[in-house]
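Student: Protein sequence lines, in the order shown, are assigned to chains A and B.
Going by this note's numbering, 166 is the number at position 166 of the first sequence; the sequence numbering is gapless.
Position in the second sequence counted from 1, then plus 242, gives you this note's numbering.
Hints were generated in silico from the structure; no laboratory data involved.
Be aware that a few hints might be false.
[What the hints assert, rightly or not] Beta-carbon label-pair distances, calculated as ranges: (1) Ala-247/B <-> Arg-90/A: 48 to 54 Å; (2) Asp-385/B <-> Glu-201/A: 19 to 25 Å; (3) Ala-71/A <-> Glu-340/B: 15 to 21 Å.
[To be verified] Here are some, though not all, of the chain A residues that point toward chain B, as calculated from beta-carbon distances under 10 Å: (4) Asp-9; (5) Leu-63; (6) Leu-145.
Ideal Cβ positions, reconstructed from N, Cα and C, are used throughout, including at glycine.
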Amino acid sequence: MSAAPRILDAGEAALVVEFGTSVDPAISDRVLALDDALLADRPEGIAETVPTYRSLMIHYDPLVLDRDTLAGRVLALAGGAPKRATAPTRWILPCCYEAPHAEDLTSVAGQIGRTPEQVAALHAGATFRVYMYGFAPGFAYCGGLPEALAVPRRPSPRPPHPANAVMIGGGLAAVATVPMPTGWYVLGVTPSRLYAPERAESFFVRPGDTIRFEPIDAATFARLAEREAAGERVARREEGVS
Amino acid sequence: MSVLAIEAAGPGVTLQDGGRKGYLRFGITAAGPMDPLMFATANRAVGNSLDATAIEVSTGGLTVTAPEGPLGLALVSGGFRATLDGEALPPACALTLEPGQTLTVRAGRSGAWGYLAVAGRLDVAPVLGATATHTRSGLGGLDGRGLRAGDRLGVSEARSGDGAPQRLLAPWLDRDPSRIRVVLGPQDDYFTDNQVAAFLAGPWTVSPRGDRMACFLDGTPLTHAKGHDIVSDGVAMGAIQVPGNGLPIILMADRQSTGGYPKIATVIGPDLGRLAQAQGGTRIAFSKVSVAEAVAARRAEAEALRGEVPREPLLRTDFPAEFLLGLNLVGGVTDGRDGIAKVA
Numbered sequence: 001m002s003a004a005p006r007i008l009d010a011g012e013a014a015l016v017v018e019f020g021t022s023v024d025p026a027i028s029d030r031v032l033a034l035d036d037a038l039l040a041d042r043p044e045g046i047a048e049t050v051p052t053y054r055s056l057m058i059h060y061d062p063l064v065l066d067r068d069t070l071a072g073r074v075l076a077l078a079g080g081a082p083k084r085a086t087a088p089t090r091w092i093l094p095c096c097y098e099a100p101h102a103e104d105l106t107s108v109a110g111q112i113g114r115t116p117e118q119v120a121a122l123h124a125g126a127t128f129r130v131y132m133y134g135f136a137p138g139f140a141y142c143g144g145l146p147e148a149l150a151v152p153r154r155p156s157p158r159p160p161h162p163a164n165a166v167m168i169g170g171g172l173a174a175v176a177t178v179p180m181p182t183g184w185y186v187l188g189v190t191p192s193r194l195y196a197p198e199r200a201e202s203f204f205v206r207p208g209d210t211i212r213f214e215p216i217d218a219a220t221f222a223r224l225a226e227r228e229a230a231g232e233r234v235a236r237r238e239e240g241v242s
Numbered sequence: 243m244s245v246l247a248i249e250a251a252g253p254g255v256t257l258q259d260g261g262r263k264g265y266l267r268f269g270i271t272a273a274g275p276m277d278p279l280m281f282a283t284a285n286r287a288v289g290n291s292l293d294a295t296a297i298e299v300s301t302g303g304l305t306v307t308a309p310e311g312p313l314g315l316a317l318v319s320g321g322f323r324a325t326l327d328g329e330a331l332p333p334a335c336a337l338t339l340e341p342g343q344t345l346t347v348r349a350g351r352s353g354a355w356g357y358l359a360v361a362g363r364l365d366v367a368p369v370l371g372a373t374a375t376h377t378r379s380g381l382g383g384l385d386g387r388g389l390r391a392g393d394r395l396g397v398s399e400a401r402s403g404d405g406a407p408q409r410l411l412a413p414w415l416d417r418d419p420s421r422i423r424v425v426l427g428p429q430d431d432y433f434t435d436n437q438v439a440a441f442l443a444g445p446w447t448v449s450p451r452g453d454r455m456a457c458f459l460d461g462t463p464l465t466h467a468k469g470h471d472i473v474s475d476g477v478a479m480g481a482i483q484v485p486g487n488g489l490p491i492i493l494m495a496d497r498q499s500t501g502g503y504p505k506i507a508t509v510i511g512p513d514l515g516r517l518a519q520a521q522g523g524t525r526i527a528f529s530k531v532s533v534a535e536a537v538a539a540r541r542a543e544a545e546a547l548r549g550e551v552p553r554e555p556l557l558r559t560d561f562p563a564e565f566l567l568g569l570n571l572v573g574g575v576t577d578g579r580d581g582i583a584k585v586a
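Isolated chain B (complex conformation):
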């Protein structure tokens, strides 16, 4: 059987699938990817089902090898720095990892999460129907914990991919993190119209102390019209609760299933990923949309993931002159669509 070996993993690198379903009613967190769109794109790019188990890479970084045989991989990240045996890779690429090669992923100038999908099936035993890791309750993944050096992940039905690295073209991942769309409620009536307007306008600054559970915002505190305690009710991913100190907290993948603070608004599904990718210090504001507009955005996202993820050959700036000359001789004058014109 093929193996993906973890040579190094920073804190917060976990196995995730589409999330644990059907157990919220028992207090079980869904977990699943922080950036569902990027996660699904990585799985799509290797031909897996969109909710297959993949590795969520934190800014802590990850180094992997394929000691038992070649593995087809897709790495999709916002702005992480990835290298294959020291050669730079684009932040979104498909490649074959051969035995003896080392793939390294490190944090970059932008982005907080990346996804490494393996062509085939990562052999991880599901817990309560899912492999998604929830470290806080010790559920899923490998013994409920993050990945670490020495872990070896078996891969069933492994496919080795297309060889040389290729750039993945996923323009739907070019998202502006500064504008986040929300549907108001369910407890916007706990705030005056003025405070709802102040909430939308911000600006808010993403606090660096966020994690998989929540994104904390700094800014001018909001005030409640009817107090900040409610009798606990259900919490959706993206729910924006406003506790006593008036600073919004956006509940993310590792959120608890219920909560007792008023929720002024909810981030729409298609914008959860761009929010998750906002590094500490990012300034954001919210814009209000209707449920119908949010559903339209969701539909567009589903459309983007319907087909294959387009690829283009990787360009290298260190090609020998003979090679470039040969390419011109074979391909004739470049039309701007192949590599040469884009090197500059």
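Bound-form chain A, shown alone:
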């Protein structure tokens, strides 16, 4: 059985339930399983929970739910080695690795001594795990980047990336949404929007889901982006056994 998580206070209205200190699918599984268990249990006084790579933050109202009661409940749930409530979904996102979308592809290729085509092929051949959201609405932090693409993050931020940029940096991958200055490198852009505020389901990818990128040319990108803008969701679920 795995060790009990550490319970840390983040002020008097949030607890951090820490399962480890690294980026690791097994740690993330425990975080997400506790999150599911807590959401099913939903003790009164929990405001919201935020899964991250290695810990679950629980925002609570201490005038409704006592800190030690909550901590006890969390340890009891975590001790039961919970499983995730539902299986992760495997998503396929179209991605254009061509100009003008692949703004930093050549730069990354230069850094690791490969051609832009090889970089794109390495990236499109990988299966990424979404660990968490953060930084900006729908900004998804992903693991599973091939070793060969593990370039450090930029020493200083570049100008805002395009909307829905597909990026790498610091050994990780990310799918961005709204343009922001960034320390990551833009390999391409997906026409799929992980954050669509006008849709009833504004976010469709859950932490723990996987993503593969399917290379498309610039003309296909334009076509799919138009369909996405019209309300369609151009990301697809991967069929077949997991």
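Take the given structure of chain A and dock chain B to it, following the hints.
Tutor: Same frame as chain A, now just chain B:
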């Protein structure tokens, strides 16, 4: 329908409600008021729910009118200068804004944020369940932006208030910004005991470059015992992160939902507002409290907001002598509780 018209608004004047809830897990910032206690006091004073949409006034200032009909308003600020048609108002007051009148709010000697609550409901479409404005991601408020001249805010179920301006008595807002209470952690173990002590003692100076996202502190840099990079985890409002340069950054209402620097301590909820109100140059130190002490402070705050916000008539120094005489004749000898004795 009644309307609150924005005649002028400086940068950083936004619509806020209690904040966006339930979307931190998707990277959505909660936003909400910088000074939650003062915001709630303004809403309480006009009889709204404590998390109703109100205007957060920055030091950039605000001028409003009520062109379509009278509106009951409460303005609560630390030390802003407010005027109604040029007549000075106290920094915390309730009033009825009549068509043709102009209410102006400007920065003053103290305070960084004020709140203008409207009796009734400001008609602002919620985005992801809240009206709180987060300008950085363009969410909430009016098209995700700050207010500006020409904006007209519809008011449903408007109540016109009690007429002449009254002073609001909210002693719980008399807060000392120089002493901020914190609960240590979640990453105080990234610092030696000496450095934790140095952090608490300060003194720190609030940098003028703060905004709704963060309060930056200047002082003697802290050193990390285990490096300054951690694998990102969740960030609560008031989290005090210490980046590589050793100067603490306190994450406020517009903070990101997660972050990758060690957080040495967290400002307790009841002290977030007094910190937010500290103007650039304010010197502060921290004192460590337990979670139980922080919860007790939170409970006291909730108690203060339970009842109505007491009011007293506004005193004017330019009353004609006949009026003062008449007041004495009617009220007899003043007992020190009504206006006359307090004019001096």
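Student: All hints, please: hold or fail.
Tutor: Structure-based check of each hint:
Our hint of 48 to 54 Å for Ala-247/B and Arg-90/A holds, since their Cβ atoms are close to 53 Å apart. For the hinted restraint 19 to 25 Å between Asp-385/B and Glu-201/A, the CB-CB distance of approximately 23 Å keeps it satisfied. Between Ala-71/A and Glu-340/B the beta carbon distance is about 54 Å. The supplied range of 15 to 21 Å is therefore violated. With a cut of 10 Å, the hint placing Asp-9/A at the interface with chain B holds, because the nearest CB-to-CB distance is about 5 Å.
A least Cβ separation of about 6 Å between Leu-63/A and chain B falls short of the 10 Å threshold, and the interface hint therefore holds. Evaluation of the Leu-145/A hint against chain B yields a violated restraint, the C-beta minimum of about 15 Å exceeding 10 Å.
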